[in-house]
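Visitor: Listed below are the residues making up each chain.
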Amino acid sequence: MSTSTQAAPVAAPLVRRRPPAAVRRRRFLIAVANHSLLIATAVIFIAPFIFIVLTSLMTSQQALSPKLWPDPFAWHNFTDVFSKAPMWRYAFNTLLYAGLGTLGLLVSSIPVAYALARLRWRGANVVFLITLIAMMLPPQVTIVPVYVLWAKLHLVGTIWPLVFPNWLGDAFSIFLLRQFFLTIPEEYLDAARVDGCGELRILTTVVCRLAKPAIAAVALFSFLFCFNDFFGPLLYTGENSSHWTLSVGLSQFRSLYQVQWNLTMAATLIVMAPVILLFFLAQRAFVEGVTLTGVKG
Amino acid sequence: MSAAAAEATRPVDRSRAKSRAAWRRRGIVLAFMSPWLVGFSVFFGYPLVMSAYLSFTHYDLLSPPRWVGLDNYRFMFGTDQQVWPAVKNTLWFIAIAVPLQVLFALGIAIMLSRARRGVGVFRTVFYLPALAPPVAATLGFVYLLNPATGPVNTILGKLGIQGPLWFDSPEWSKPSLTLLAIWGVGNTMIIFLAAVIDVPKHLYESAELDGAGIFSRLRFVTLPTISPVILFAVVIGVIEGLQYFTQAYVAANVAGGSATYSAEQANKLGYPEDSTLFYPVLLYQQGFRYFNMGYASAMAMLLLAVSFAVTFLIVRHSRRFVHYQGAAR
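Line by line, the protein sequences are chains A and B. Counting from 1209, one number per residue, gives the positions in the first sequence under the working numbering. Counting from 43, one number per residue, gives the positions in the second sequence under the working numbering.
Chain A on its own, in the form it takes in the complex (with noise of 0.2 Å):
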């Protein structure tokens, strides 16, 4: 779709006469006006992290201050905040969650989404319409049973009420799928098909490859939700500090060890570099991804 609004500028000129020089001016003064604007916003959407990264380099005192710009640079802040709290403890069960549940929610949401978008069967308009429903409906609805049932099976204290779900079946990952699915032609899996391979071996070699964007997409945003995920751990693994995820431990860091704000930040900074770090390994995956799940929704 971008190639084809790309190409079009160029073949216009050939066409149109060149614009009168008012018009030339007045579209000018406009895109002046519009950059200053684009530069003005841009400027106030990065002066968050520019003032936590200062923050982050200044000494106790300092943060005690209003001073904007840190004299001297407390790098030692950083390695501070993992002495102060167990981040590492944080990162692996953090890690846990989000590699377990993504690779759980991958397997059992591949399968399912197939099964929707190109196996002809009754009834899956029906399960597509109570995924959709699922999908829209606040997590909070239905919370209270699924947490007497973790509490029943003696697991809540523990991270495995957040991991085990995901191994059957997201709701989003699925619909997203499902969508993806639609766009492969009928003739690829028809050839499989003549040539005997089986529905298993359909899926597992001609349909994820041909789907590699959208499984890449939701795999992406499987792993952000579970690192992000604030409401579930903290719903699970609140009264037991062990099992806490970066998230949870860094809601706590602040008053739990009575800091000033420049080890806070140094924490906050330390909790968002994966997620940054892993948006420049994966730009393209990330853009393709939000922009799937505008379009085709």
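In case anyone wonders, no lab produced these hints; they're calculated from the structure. Among the clues, some could well be false.
As the list claims (entries may be wrong) - SDA-like cross-link-like pairs, simulated, lysine to any residue; straight-line CA separation at most 20 Å:
#1 B:Lys60 with A:Asp1398
#2 A:Lys1275 with B:Thr191
#3 A:Lys1275 with A:Trp1296
#4 A:Lys1360 with B:Thr191
#5 B:Lys310 with A:Leu1464
#6 B:Lys60 with A:Trp1329
#7 B:Lys243 with A:Ile1254
#8 A:Lys1360 with B:Leu104
#9 B:Lys60 with A:Arg1330
#10 B:Lys310 with A:Phe1439
As the list claims (entries may be wrong) - Here are some chain B residues the structure puts well away from chain A; computed CB gaps all over 10 Å:
#11 Ser105
#12 Leu112
#13 Val144
#14 Gly182
#15 Ile203
Glycine included, every Cβ here is placed at the ideal spot set by N, Cα and C.
Got chain A sorted already, so can you dock chain B onto it with the hints?
Guide: The following block gives chain B in isolation, referenced to the frame of chain A:
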């Protein structure tokens, strides 16, 4: 394969083979759907029914549920002093923060679509805040806006403006959360940007020939063409508004400065003066801090009804102001 083909020529065997194939297909569908079947019955169907039942009981997890009829609902609509503020706060957020989010996302997307240089850099700058984990972003904003040493009030002070108390004042706590929400608008912005870029060029050209200026082109070409995407963003925004929890919880706790994870912390929810007590926060407090699980279930039922109604209303009435190109969708 060839043996099966030879068999299929005889009519009796053919029907048997056909039914066997049909059963095989059913088996495959069942196998593929099994995660959904288990997952949705255990984590969606069962809790939904159970929630409805528990909402008519008194239940604290220790003793078995005791039937109390409509008491929970009577308490919710009558006696409870906190439900109405919580509903009001949530409605405030949906009515003010969500439209502002959509407006900002749209504005940035339109500016970006007209930019000639540095689109990639700008896009990253606007998208990054949306990536920041909500707890981290909230913590950052509580610091930025803290009245004592926060950079925002420091800068405002240098300009000769007395900054407000932000997260520490009942009037400014929700606007502070709104600022945070606007900062994290990147996802919506990317979706809008894709939609705006996709608007066919010839529509702009013919509008220009008709003498439409930049604003009327925006009003009569861009907006109608991307209206389905705007509707999508509004629906998602409202749904997220109904479940708004993390930022409110963290902001109240950090700004309120409670000691540790404890019962005391539960009382800090809504700080200051219940101004950040959103409906899901109250539900969490009742259900999982005070263990009034029957009452929390009743609250969940109300949330269910409202979510359904809101989604239904928006989708139903969308036809009036949303323009679908051709018969797409």
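Visitor: None of the hints should be skipped; say for each whether it holds.
Guide: Structure-based check of each hint:
no.	hint	result
1	B:Lys60 with A:Asp1398	holds, 19 Å
2	A:Lys1275 with B:Thr191	holds, 8 Å
3	A:Lys1275 with A:Trp1296	violated, 32 Å
4	A:Lys1360 with B:Thr191	violated, 47 Å
5	B:Lys310 with A:Leu1464	holds, 15 Å
6	B:Lys60 with A:Trp1329	holds, 16 Å
7	B:Lys243 with A:Ile1254	violated, 32 Å
8	A:Lys1360 with B:Leu104	holds, 10 Å
9	B:Lys60 with A:Arg1330	holds, 18 Å
10	B:Lys310 with A:Phe1439	holds, 17 Å
11	Ser105	holds, 13 Å
12	Leu112	holds, 18 Å
13	Val144	holds, 13 Å
14	Gly182	violated, 5 Å
15	Ile203	holds, 14 Å
The structure fails hints 3, 4, 7, 14 (numbered hints given earlier, in ascending order).
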